[in-house]
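J.: Turn these sequences into a full structure, and let the hints guide you.
Number of protein chains: 2
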Amino acid sequence: MRCVIYTGAGGNEVVEVVERPDPEPGTDDVLLRVRYAGLNPADLQQRAGRYPAPPGAPADVPGLEVSGVVERCGAGARRFVVGDRVFGLVGGGGLADRVVVHERHVALVPDGLDEREAAAIPEAFLTAHDAIRTRGRLVMGETLLVHGANGGVGSAALQIGVACGARVYGSVRSEAAAQLVRDLGAEPVSDEDFASRVTADVILELVGAPHFPANLEALAPRGRIVVVGVGAGPTTELSLLAMMQKRAELHGTVLRARSIEDKGAVLRAFEREVLPGLAAGRMRALVDSVFAAAEAREAFDRLASPGKAGKVLLDFEG
Amino acid sequence: MRCVIYTGAGGNEVVEVVERPDPEPGTDDVLLRVRYAGLNPADLQQRAGRYPAPPGAPADVPGLEVSGVVERCGAGARRFVVGDRVFGLVGGGGLADRVVVHERHVALVPDGLDEREAAAIPEAFLTAHDAIRTRGRLVMGETLLVHGANGGVGSAALQIGVACGARVYGSVRSEAAAQLVRDLGAEPVSDEDFASRVTADVILELVGAPHFPANLEALAPRGRIVVVGVGAGPTTELSLLAMMQKRAELHGTVLRARSIEDKGAVLRAFEREVLPGLAAGRMRALVDSVFAAAEAREAFDRLASPGKAGKVLLDFEG
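Those protein sequences? They're chains W and S, same order as listed.
When we follow the working numbering, the leftmost residue of the first sequence carries the number 1, and every step to the right adds one.
When we follow the working numbering, the leftmost residue of the second sequence carries the number 1, and every step to the right adds one.
Everything labelled a hint here was simulated from the structure, so no lab data went into it.
What you are looking at is a predicted structure, and each value in this text was computed from that prediction instead of being measured.
Certain hints may be false.
Stated by the list, open to error - Straight-line alpha carbon distances no greater than 20 angstroms define the calculated SDA-like cross-link-like pairs of lysine to any residue that follow:
no., chain 1, residue 1, chain 2, residue 2
1, S, Lys263, W, Arg247
2, S, Lys263, S, Asp114
3, S, Lys246, W, Gly307
4, S, Lys246, W, Ser259
Unchecked claim - Chain S is faced by these chain W residues, among others (derived, beta-carbon under 7 angstroms):
no., residue
5, Ser190
6, Val227
7, Val230
8, Pro234
9, Thr235
10, Thr236
11, Leu238
12, Leu240
13, Met243
14, Met244
15, Ala248
16, Leu250
17, His251
18, Val254
19, Leu255
20, Ser259
Note that the Cβ used here is the ideal one computed from N, Cα and C, for glycine as well.
T.: Structure representation (structure tokens):
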């Protein structure tokens, strides 16, 4: 297989594209011929030596989400047949033209969806769906407020919220961001004064502490705040009394470091609730740019730069 | 009816016991002949003018929990017949020998339970059960840690936790408190170093902010902290990042100010899960002292004093 490797910890100087033997699928795995792989901030952290690969994943091949075609099935794998187009999460090793993945951690790519967009979906939509539906329990008629609405997870959350029958707000700091929120069927609200303009049953926090204590003000009685990102600040002052008075819930969650069963359950819930909307074109993943695998360094530079509008992908068949 | 009233806001000088016409049960209400009524800190707050009676409750008659006998049923009330012994929560007006209450807000007193102990149960056991089971979702095999284990809600929580098959710890500051925790089937742990000695799936916080951030240290992955009391401090510094890493939940909750449906649901869950244990004598409510209704002022003094071991009751038939 051809794969991106890190020869050590550092910047792009440790990034190389090399040939390796194909990985062998375990009993419950499928071996995928990867078409596109999505890049994630965690890949940059791994490059810097701050995010070691989990047990079972190749230590020096980054990459957490892929789309591709089933090339071989493990002896116990029953969900797919050779030739099926699938997409999903891998524990690591996704930046390669072959990867093995547990058959329950991928889903069939719907007919109407191309593999390019499919590779931009897993991390963003699984994270968003797990946060607002499984943890936040958002239902029709409720109101969702998304902080960080312009990113991959945020834009997925806006669309999932709209599709589930909620009224959806995304907080924004610019007119361009407001337009993106509108384009996805939601309503923009200023990041400065959202607490006086919105009362939300579920708040998805992708930015961090700066939105507290306003988040508690904006929360409806029995509301749920789900924290998935704290890049702008990890620690906040919190009124336990206000939490009691609103009978509020604050959830912290991350997708990574979950058990095989947990990841499978996340995928099954996604198949049930989100995949139909993606298949019908009612939701879409944003692709910022596509780089050939040989241009992995340029792709990482793009990933690290500001102002992206969607996912940065590597093309392994281009 | 004979009832305790507040003639204004203040201390015991506003407390009087007077005769009034009996209240009339509404369509779905039952009229109870009250045997015992439990006193609560909220009654003292109402005496001080800081806790107005909710709509529908008499403005000047305090009292939130009672045991008694059904004397009349409203035209639409179907759950009980005249003569049934019942106990439960009232929105107000409980310190009287007659009170009307929605039939779905009371439960039948089990045969083996006397009305004296029954009057000490509702607020403590409903609050504890709603917090650790409905919000905290404690199940068998998990570990529960209770802060404030010596109070009414805390001692109820210890027993409910043991009855549901959990390993239960109560944090304590004295050997006397440790002995009470042991007597209720749980394990005492020092309030000073619980975080290094216990890993809990559910933490019931009845004291407040001083137990943070140690509560987050003591929390198991996917653990739930349920805050029901913050007398020792309402505001805390909270690590949102730690919440994410543990995939933790923080719930605030209170029993009061709930809808008719919510209160009914709390009572039904209590009947299903807690009442069998109370009926069989596997759980018990602690009664500190019983005062005749005419001694309401003395009862309030006792309620306000430290070192109580259980509920202060008023006896309306003694």
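J.: Against this structure, judge whether each hint is valid.
T.: Verification of the supplied hints:
Using a Cα cut-off of 20 angstroms, the hinted pair Lys263 (chain S) and Arg247 (chain W) holds, with the two alpha carbons roughly 14 angstroms apart. A threshold of 20 angstroms between alpha carbons decides the hint, and for Lys263 (chain S) with Asp114 (chain S) the separation of about 24 angstroms lies outside it, so the pair is violated. Restraint check for Lys246 (chain S) and Gly307 (chain W): not satisfied, since their Cα atoms lie roughly 31 angstroms apart, outside the 20 angstroms limit. Annotation: proposed proximity of Lys246 (chain S) to Ser259 (chain W) holds, straight-line Cα distance about 14 angstroms (limit 20 angstroms).
Checking Ser190 (chain W) against chain S by beta carbon gives a least distance of about 22 angstroms; that is not within 7 angstroms, so the hint is violated. The interface hint given for Val227 (chain W) is met, as the beta carbon of that residue sits about 5 angstroms from the closest beta carbon of chain S, less than 7 angstroms. The restraint placing Val230 (chain W) at the interface with chain S holds, with a minimum CB-CB distance near 5 angstroms, inside the 7 angstroms limit. For Pro234 (chain W), the interface hint holds, the least distance from its beta-carbon to any beta-carbon of chain S being 4 angstroms, beneath 7 angstroms.
A hinted interface residue such as Thr235 (chain W) counts as satisfied when its beta carbon comes closer than 7 angstroms to some beta carbon of chain S; here the least separation is about 5 angstroms, so the hint holds. For Thr236 (chain W), the interface hint holds, since its Cβ comes within 7 angstroms of a Cβ in chain S; the closest pair sits about 6 angstroms apart. At a threshold of 7 angstroms, the smallest CB-CB gap from Leu238 (chain W) to chain S is about 4 angstroms, leaving the interface hint in force. With 7 angstroms as the threshold, the beta carbon of Leu240 (chain W) comes within range of chain S, its nearest partner Cβ sitting at about 5 angstroms, so the hint holds.
Evaluation of the Met243 (chain W) hint against chain S yields a held restraint, the C-beta minimum of about 3 angstroms falling below 7 angstroms. The beta carbon of Met244 (chain W) is positioned within 7 angstroms of a beta carbon in chain S (closest approach about 4 angstroms), and the interface hint is therefore held. For the restraint placing Ala248 (chain W) at the interface with chain S, the shortest Cβ-Cβ distance is roughly 5 angstroms, inside the 7 angstroms limit, so the hint holds. Here the hint on Leu250 (chain W) is kept, as its CB sits about 4 angstroms from the closest CB of chain S, short of 7 angstroms.
Proximity of His251 (chain W) to chain S holds as hinted, the smallest CB-CB distance being about 5 angstroms (cut-off 7 angstroms). Evaluation of the Val254 (chain W) hint against chain S yields a held restraint, the C-beta minimum of about 5 angstroms falling below 7 angstroms. Restraint check, Leu255 (chain W) versus chain S: the minimum CB separation of about 10 angstroms is more than 7 angstroms; hint violated. Because the smallest distance between the Cβ of Ser259 (chain W) and any Cβ of chain S comes to about 10 angstroms, over 7 angstroms, the interface hint for this residue is violated.
Checked against the numbered hints given earlier, this structure breaks hints 2, 3, 5, 19 and 20; the rest are met.
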